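Colleague: Sequence:
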Amino acid sequence: FEPEPLGKILKAVAWGAIPAVIFSYVLEKYIFFWVGILSAPLIEEACKGVYIYWLRKDPKLEGPMDGLVYGAAVAIGFEIVENLLYSLSAEFGIELAAVRSIAVGHILFTGLFGLMVGVAKIKAQRRMILIGYIGAVSMHFAWNMLVTAHWISYFILVPVFIIILKLVADVAWNFELDAFISPRDEMESRASHVITERDGASTLTLAEELGIDPHRAALFMKSMGAKFDRGKKKWYLVTVPSYRVPTRKLE
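First residue of the sequence shown: 45, per the working numbering; consecutive thereafter.
If you're looking for bench data, these hints aren't it; they were derived computationally from the structure.
Incorrect hints may have been included.
[To be verified] Below, in silico cross-link-like pairs of lysine-lysine (BS3-like), each with a Cα-Cα straight-line distance of 25 Å or less: (1) K277 x K210; (2) K101 x K276; (3) K277 x K266; (4) K266 x K104; (5) K52 x K101; (6) K276 x K52; (7) K101 x K55; (8) K52 x K277; (9) K266 x K276.
Bear in mind that the values here come from a model prediction, so they are computed numbers and not experimental data.
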């Protein structure tokens with residue numbers, strides 16, 4: 045798992061804090077007010093999820109764990125502003141805002157959606173995005189139904205939802221390892237063989253051997269710790285490749 049760029053994470057937080065809150069408020073108050081208790085999960089998860097859906101084409105979003113990070117970032121921004129609005133409301137006041145600040149509901153819901161967007165990117169199956177949205181809405185709806193009974197329900201729901209998300213994250217992480225490790229092991233083995241047999245190899249030779257374009261071949265060799273001799277225009281291995289370490293997906 046590679047740390048995500050701080051700039052992109054801050055953009056995700058900003059989306060959750062401003063556009064997602066504004067769109068949710070307008071849709072819930074003036075358009076879908078008649079939907080009642082269903083409006084918040086449907087609208088809020090859609091407004092938060094738009095940014096992650098758009099981000100799915102970004103090369104930095106490489107799999108489930110990346111999607112989980114960006115989903116959580118969007119949710120944090122949304123949660124902060126929503127709690128602030130609750131604290132300023134004469135109807136709800138600071139007490140409810142304080143209780144809500146303990147909960148991490150939005151992080152769980154949108155984190156799940158982001159995680160499934162990452163799965164969809166690896167498997168190239170867009171239905172995973174819909175499954176993620178339905179899952180996020182369902183969790184949000186269940187959360188709302190239970191916490192409306194009594195605020196103490198938060199202390200029961202938070203651990204339960206954290207456990208659920210942890211289980212989903214574990215499954216996604218194992219899936220991501222399977223998706224990344226096997227192709228990389230095979231590619232490292234082929235690249236090492238070509239360099240050893242030929243006392244170095246050009247980027248074009250490696251690209252042809254690995255079945256990827258020359259630019260990606262160069263990035264791959266750098267990730268293996270190889271050095272490029274500009275004079276001979278060949279790549280040479282300097283260190284032994286660290287097998288079974290998940291990195292960028294190149295295929």
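Colleague: Against each hint, give a clear statement of whether it holds in the structure.
Modeller: How the hints compare with the structure:
{"no.": "1", "hint": "K277 x K210", "verdict": "violated, 47 Å"}
{"no.": "2", "hint": "K101 x K276", "verdict": "violated, 37 Å"}
{"no.": "3", "hint": "K277 x K266", "verdict": "holds, 14 Å"}
{"no.": "4", "hint": "K266 x K104", "verdict": "holds, 18 Å"}
{"no.": "5", "hint": "K52 x K101", "verdict": "holds, 13 Å"}
{"no.": "6", "hint": "K276 x K52", "verdict": "violated, 39 Å"}
{"no.": "7", "hint": "K101 x K55", "verdict": "holds, 16 Å"}
{"no.": "8", "hint": "K52 x K277", "verdict": "violated, 35 Å"}
{"no.": "9", "hint": "K266 x K276", "verdict": "holds, 17 Å"}
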